[in-house]
Amino acid sequence: DAKTTQPTSMDCAEGRAANLPCNHSTISGNEYVYWYRQIHSQGPQYIIHGLKNNETNEMASLIITEDRKSSTLILPHATLRDTAVYYCIVYGGGFKTIFGAGTRLFVKA
Amino acid sequence: DTGVSQNPRHKITKRGQNVTFRCDPISEHNRLYWYRQTLGQGPEFLTYFQNEAQLEKSRLLSDRFSAERPKGSFSTLEIQRTEQGDSAMYLCASLPGTTNREQYFGPGTRLTVT
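For the protein sequence lines, the chains are A and B, in the order given. According to my numbering, the residues represented by the first sequence are 1 to 109, in order. According to my numbering, the residues represented by the second sequence are 1001 to 1114, in order.
Just so you know, these hints were derived from the structure itself, not from any lab. The model shown is predicted, which means the values in this text are computed figures rather than measured ones. Do not take every clue at face value.
[Stated by the list, open to error] Below, computed lysine-lysine pairings styled on DSS-like, alpha-carbon distance capped at 30 Å:
{"hint": "1", "chain 1": "B", "residue 1": "1057", "chain 2": "B", "residue 2": "1011"}
{"hint": "2", "chain 1": "A", "residue 1": "96", "chain 2": "A", "residue 2": "52"}
{"hint": "3", "chain 1": "B", "residue 1": "1014", "chain 2": "B", "residue 2": "1057"}
{"hint": "4", "chain 1": "A", "residue 1": "96", "chain 2": "B", "residue 2": "1071"}
{"hint": "5", "chain 1": "B", "residue 1": "1071", "chain 2": "A", "residue 2": "3"}
{"hint": "6", "chain 1": "A", "residue 1": "3", "chain 2": "A", "residue 2": "69"}
{"hint": "7", "chain 1": "B", "residue 1": "1071", "chain 2": "B", "residue 2": "1011"}
{"hint": "8", "chain 1": "A", "residue 1": "52", "chain 2": "A", "residue 2": "3"}
{"hint": "9", "chain 1": "A", "residue 1": "69", "chain 2": "A", "residue 2": "96"}
{"hint": "10", "chain 1": "A", "residue 1": "69", "chain 2": "B", "residue 2": "1057"}
{"hint": "11", "chain 1": "B", "residue 1": "1057", "chain 2": "A", "residue 2": "96"}
{"hint": "12", "chain 1": "A", "residue 1": "96", "chain 2": "B", "residue 2": "1011"}
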């Protein structure tokens, strides 16, 4: 499974869009991009996933570049409750799931 | 609350003791993962079950760790002869079907080895 690279931390003002990047330059054709987040002292929570096309759900939007080597998770109107660690994961056919250290997002009032 | 429960939520044990954790997945989920998470790191894959079969196990998992899912429902993770380095959060996640990869995580069991 491909490895991902994310910034260690990011800040965002409350009410503004939070754009969290992820680099996955070695992604292969059948590998999906998944995003999870982990609020302090809780288990990770699924946010969204995609293969090639951009995706949107009630929580976020996922923008995947045409070459699929990077993606951006967008929280359109960040709130204080969105402060969390965000993980970008790429996986295809294997069972093993590899989480990196993720991006710590701080949403500030 | 995702519907995945883990017990106990916290466990303090002395070095050398054995501990066992339990995970109850969402009832219709046939697949189950165990992870370990230390401070400041993402969850680290330990093992994976499909129904009662343990299909993958991390090479980082020492002989002291064993996991079971006897009837394809709940799962247990046992650590024998605990060491201080085993102190971590142990997370369980479950999934439905065979191709869906959206994992539903439990709240975790925090282990402290003194």
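Structure-based check of each hint:
no.	hint	result
1	B/1057 - B/1011	24 Å, holds
2	A/96 - A/52	22 Å, holds
3	B/1014 - B/1057	26 Å, holds
4	A/96 - B/1071	22 Å, holds
5	B/1071 - A/3	34 Å, violated
6	A/3 - A/69	11 Å, holds
7	B/1071 - B/1011	25 Å, holds
8	A/52 - A/3	17 Å, holds
9	A/69 - A/96	21 Å, holds
10	A/69 - B/1057	29 Å, holds
11	B/1057 - A/96	9 Å, holds
12	A/96 - B/1011	27 Å, holds
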